[in-house]
Structures are given as C-alpha cells and as structure tokens.
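K.L.:
The primary structure of each chain is shown beneath.
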Amino acid sequence: MANGVLVLAELADGAPAPITAELVGAAQRLNAGPVSAMLIGSGVEGAAARITGVETVYVVDNPALAEYTNDAYTQAAVAAAQQAEPAVILLGQTDTGRDLAPALAYKLNTAAAMDTIALEMKDGRLHTTRPAYGGNARAVNSFAAAPAVATVRPKSQDAVEGGSAGRVVKVDFAAGAVRSHVTARTVASSEGVRLEDADVVVTGGRGLGGPEGFQGIEELAHLLGGAVGASRAVADLGWRPVAEQVGLTGKVVSPTIYIAVAVSGASQHMAGCSGSKNIIAINKDPEANIFKAARFGIVGDYKTVLPALIAAVKKAKAGA
Amino acid sequence: MHIVVCVKQVPDWDIPPASFKVDEAAKKVVPPPGVAPVPSQFDAIAVEAAMRIKDAAADTKVTIMSLGAASARDVIKHGLAMGGDEGVLLVDDAFNDLDSTGTATVLSSAIKKLGDVGLVLTGRQAVDWDLGVTGTLIAEMLGAPVITFAKSVTVAGGKVTVERVLPDAFETVEAPLPAVVTVSNELGEPRYPKLQQIMAAARKQVNQWGAADLGLDAAALAPRLTLERLFVPVTDTKVEIMEGDTPEEQADALVRRLQEAKLI
Ligand SMILES: Cc1cc2nc3c(=O)[nH]c(=O)nc-3n(C[C@H](O)[C@H](O)[C@H](O)COP(=O)(O)OP(=O)(O)OC[C@H]3O[C@@H](n4cnc5c(N)ncnc54)[C@H](O)[C@@H]3O)c2cc1C
Ligand SMILES: Nc1ncnc2c1ncn2[C@@H]1O[C@H](COP(=O)(O)O)[C@@H](O)[C@H]1O
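First to last, the protein sequences are chains A and B. Per the numbering used here: the first sequence ends with 320, consecutive numbering throughout. Per the numbering used here: the second sequence ends with 264, consecutive numbering throughout.
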C-alpha cells in the first residue's frame, strides 16, 4: 500500500541544495508516514549520505542523467516512485521541479499541485494551498487521484537540517528514449552575494528610468553587503539581467531587509519578496501598492532620496 | 508546417489589487464591472513566436486554439489579427470547470483531430491560475517531447531549437518534431495588429468543436484535482512613513529606525 512522503532532493555544487532540507521539513510535518528522498543524476551516489532527516534515499545514478532533460528525469523519477510507493511526492518549485512535476504526475496517473506554500493532511488526503491570480488569491486543492504530487515554493517551508542519513537504495534504471538534448548552456555570472542567499536585497524598478538609475542601487547594496534585484519590467527592458528578477516568474528571496526603489509592488513582484522580514519602500507615489506590504517607507523621488540614504548609511557606519 | 498556438481567455490581470474580488461561495473570481477578459499574457507571446516562424517560412500555417466560454472567440480573433490563419474554439457545457488534465485532454484531442500538426506552442503558465502544466500534459498526451520556458523558437530540418530561460542560465535545447514548446516573456513583446489585419481576421475561419466532435465523455474529463476553496489573503502590515522636510531628513529618520530595530 502506498505510504509515506517521497521528496525530490536537489544538489548545488555536490551538496544538498537548501530546497532539499525545506522539502524534508515539509514532509516530516505532514506526519504521513516515513519520509524518503529520491536523488537523480550522474555520479551523485556519494551525495546521498549528506541527505538527512529521511529513512531512505532512492538513488537513480546513470550517465543519461548527467544533464537535466524532461524525458530522462521523468523516467528516473517514475522508477524511484514505483519503488518507494509513496502516498505523497514533493518537489521544489525550482527550474527542475516546475518542468518535471507535471510529466511525473501524468505518468503516475495523477496530478500535480504547483507552487504550493502550505500543505496539510486532512482525512488522510493532502490539501495544498497555493497563490493564484498573480498572488492576489489563494487556492486550496485536494486530490481525487493518488499519489498526491506537489511542488513547494522555495523559502515557504522551514528547513529541517541534521538528523541521521538515510539508508541508500539504488534504483534499477535503464534510460528509455531521450528526445530532447541540451546543445549549449551559458551560466549567468554573478559577483558578490547570491541573490537568493543575501541578507539584504536592494531592488530597482522601472521608475529608475534607465540602467543608469541602478548605480545608486548597486552602491547601496554594496554598502549593506547585499545583492541587487530587479522587477520584471526592468529585466524585460534589458536594463538588468534576467537572473536578477524577483517575483512569480523570477526568484524568491526572503532577506532580513528588502529595499524596493521605484517598484510599484505588483502582486506578481510581491510573490517573490513578501517573505522578507522588513520591506522598505522608496516611491514617489504614496498610493503605490508596495507601501501596503512595507514596514518602512519614504515617499519621494529616488533621485534625491537614494543619494541621501546612501550618505546616511555611510554616516551611520562611520559612527559605529 | 502546421503550428497550433493554445490561447486562454483570462480576466484582465492589469487591475489595481484593490479591485480584485473573489466570490468564495462560487469559488470564482469576480472581474470588476466593465473590464473585458483578455488573452493570457504569455499566450499572446506564444502567438508572436509562431508568427516569427511564419515570417521566416511562408509555408507555415498557424491555428489559434482556445477552450473556454463562447467569448473565447475574441482571443482567437486577436491571434488571427496577429497573423494566424485559422481558429479552433472548444466550447461545451462538459468543458466547464475542467482541471488541467481535463483541459489538456480536450486540447490534445483537438490537436489530434487537426492531424498534421508539427509544433504546439503554449504560454509558460496561464495568468489566472499560474500553474504551468498544460503544455507538458498536452505533450504527454500527444507522445511528443516538451521544452519549457522558451525565449526563442526556431524550426529547421524536422527539429525545433529552443533557447530556454532558467533562473541562472540560458540553455539551447533541440528536439525532433512534432514537439510542444512553452513560451516565456523573454521572447519579447507580441506584435500589435493593424486595423486592416483586425478586419481581415473577421473573415478568417473559426471551427467550433464540442465533446461529441472530439469523442470525449465525462469519464475522460474527470478531475484529478479538486478546488476546495478560493479566497483573498488578508495582509495586516502597517507602513511607517518617514517624516522630514528634505530627503536628507527622511533618510536620516529611516537609518535611525533601522538602528533602533537593530537591523543595521
Ligand atoms: C503572469 C505574470 C508574471 C509576472 N511575473 C513578474 C515577476 O516575476 N517579477 C516582477 O517584478 N513582475 C512580474 N510581473 C509584472 C508585474 O505585473 C509588473 O508589471 C511589474 O512588476 C512592474 O514593474 P515595476 O514596479 O518596476 O514598474 P512599474 O509598475 O512601472 O512601477 C514603477 C514605479 O516607480 C515609481 N516611480 C517612478 N518614478 C519614480 C521616481 N523618480 N522616484 C521614485 N519612484 C518612482 C512609480 O510611482 C511606480 O510605482 C508579472 C506579470 C504577470 C502577468
Ligand atoms: N482553456 C485553455 N485554452 C487554450 N489554451 C490553454 C487553456 N488552458 C491552458 N492553456 C494553455 O496552456 C498554457 C499553460 O496553462 P496552465 O497550465 O493553466 O498554466 C497556457 O499559457 C495556454 O497556452
């Protein structure tokens, strides 16, 4: 009988990525039986021992899995799921999880609830809560099919680190047809703190009027030891790289301080930063939506406010 | 080659958050009065992707397909005005309130009925539910490969080549046709139809099919996911606006508050 929760482990530089411990945390709190993980890739078996808080790690290790492709990873995840027979499968709402979850669910004759932020077992069935309508609404879904497959938004779940490593089980896997192939990849180079990990994020919006407006943003981010973010409007205009985009279709950040400068605060933008502990808004429009989510605000033109803020932070740092 | 673009009609997303309303009993969004529904943002961009392929190869036929209410004819007409050749409108009482699997079942059945389709384009996600699953499900049902999050789509020699947008990378992926590609905003702005094209679109053919035309019964469309509740979350943050006669005073006030809160 199907039982327990299976999570898709993801690695970053050979070690479990933060989403892995977040999924393990969510899985443990569901209290729906044993928690196990599946680890998919090529030459990844050694990392299995570093996945903690699970009873079993199902490892699908195969040269055909060196590069992510929808075909090969779906086959691998199906093989692991058939061996583990879970009642619930959780993946991150990451580039991998977004692409894999619907195909995996279909192959298992079930459905995937995407981008969930809360999970709960009710009468033995998984109920998921997810933002919809660009973050304006919340939708609660239950499953009429099994197993329940859900992707979980990064940073929406408390991570569980530590605990003992799981028993490693190798999954027999022979890759079937792989129809799509990656022929080239360029990785966005980033200097300084990674946006997702930064404790301070300073984000600029379209109201900056052009890429030059970001000089002050970069200076303030640098002063505070933080990273630069951008709204989609800014990324679409080519003022900043897509890798800096925060929001529903960009990155999810949850820093201690999130400073939004000349950003209107559309719901789709807030989807990527509403988990920040302190949002600070600088906007010339007192009615801007960003002020509804902010703890502190300055109403004014960034052209005068931003230099003044940089000077004030410098003064404070010199005094400290 | 024959390309199908799937376009969903959705409530206009470009409204002030305060006018976003939900009827909790009906589990439905209530659009503000006088605001007409629109083609989902990424779907108009998917039409643009198809038109760029057609610009490069004149023997391309583009079909605009939509499942929805009778009013979804408007989003088909919009795609036809952008340069699409024909429309397929899928309406039936049996198609009301489908989940994604049901939606993809109807769309893939209609694509099979067309018969000669080489490429299916969808948006990366529909801007109402923000799911991003239908393209992949259509691919599964057609037995075709899927490539998600395209910023460019080109076709040559029986293959589709897609530049994908990932959070920290761009990658180029190839797959044999027939294939399904989901399109992201990085592809660029959809073209704006000229008045002449809008008038020409009025004369283009739109076929309307229901469940019987596609050989689908209720069992084939049974939902796998059930919507239990739809609501608007309440937020209770209260912003503290920094007082001051000059930007310097406002900035000093902010830094002082941040120091008091031990944030810097
Ligand atoms: C499905 C979907 C997904 C989306 N995903 C994302 C996403 O991931 N991330 C994202 O950011 N957006 C996303 N969007 C877009 C989002 O809806 C908004 O269009 C976008 O966030 C607006 O960017 P902005 O705030 O920079 O620009 P605008 O909305 O143009 O706002 C500019 C702001 O700057 C202020 N301003 C202007 N001049 C000054 C000045 N001199 N000084 C101070 N303030 C000034 C204005 O008052 C205004 O508030 C998505 C949209 C859709 C439909
Ligand atoms: N009712 C529909 N009619 C036409 N296309 C649709 C419909 N629903 C979804 N799609 C397509 O599938 C994409 C992804 O939708 P979703 O999985 O709902 O986010 C959309 O961008 C559309 O291209």
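Because the hints were derived from the structure by calculation, they are not lab data. Beta carbons: idealized from backbone N, C-alpha and C, even for Gly. Mixed in with the good hints, there may be bad ones.
Said to hold, decoys possible - Selected chain A positions facing chain B (Cβ under 10 angstroms, derived; list incomplete): (1) Glu55; (2) Thr56; (3) Asn109; (4) Val140; (5) Ser142; (6) Val193; (7) Gly213; (8) Phe214; (9) Asn278; (10) Ile280; (11) Ala293.
What the hints assert, rightly or not - Partial list, derived from the structure: chain A residues whose beta carbon lies under 8 angstroms from chain B: (12) Asn31; (13) Asn62; (14) Asp95; (15) Pro102; (16) Ala103; (17) Ala112; (18) Phe173; (19) Ala174; (20) Thr186; (21) Leu309; (22) Val313.
K.L.:
Decide, hint by hint, whether the structure agrees.
P.N.:
Here's how the hints hold up against the structure:
1. Glu55: At about 28 angstroms, which exceeds the 10 angstroms cut-off, the nearest Cβ of chain B leaves the hint on Glu55 of chain A violated.
2. Thr56: violated, 27 angstroms
3. Asn109: Constraint on Asn109 of chain A satisfied, holds at 8 angstroms.
4. Val140: holds, 4 angstroms
5. Ser142: holds, 5 angstroms
6. Val193: violated, 14 angstroms
7. Gly213: violated, 16 angstroms
8. Phe214: This hint is violated: Phe214 of chain A lies away from chain B, its Cβ roughly 19 angstroms from the closest one there, beyond 10 angstroms.
9. Asn278: holds, 6 angstroms
10. Ile280: holds, 7 angstroms
11. Ala293: At about 6 angstroms, which falls below the 10 angstroms cut-off, the nearest Cβ of chain B leaves the hint on Ala293 of chain A intact, so it holds.
12. Asn31: Asn31 of chain A check fails; min Cβ-Cβ to chain B is 20 angstroms, beyond 8 angstroms.
13. Asn62: violated, 19 angstroms
14. Asp95: For Asp95 of chain A, the interface hint holds, since the closest Cβ of chain B sits about 5 angstroms away, which is under 8 angstroms.
15. Pro102: holds, 4 angstroms
16. Ala103: holds, 5 angstroms
17. Ala112: holds, 6 angstroms
18. Phe173: violated, 19 angstroms
19. Ala174: violated, 19 angstroms
20. Thr186: For Thr186 of chain A, the interface hint holds, since the closest Cβ of chain B sits about 5 angstroms away, which is under 8 angstroms.
21. Leu309: This interface hint holds because 4 angstroms falls under the 8 angstroms limit.
22. Val313: holds, 6 angstroms
In summary, the numbered hints that this structure violates are 1, 2, 6, 7, 8, 12, 13, 18, 19.
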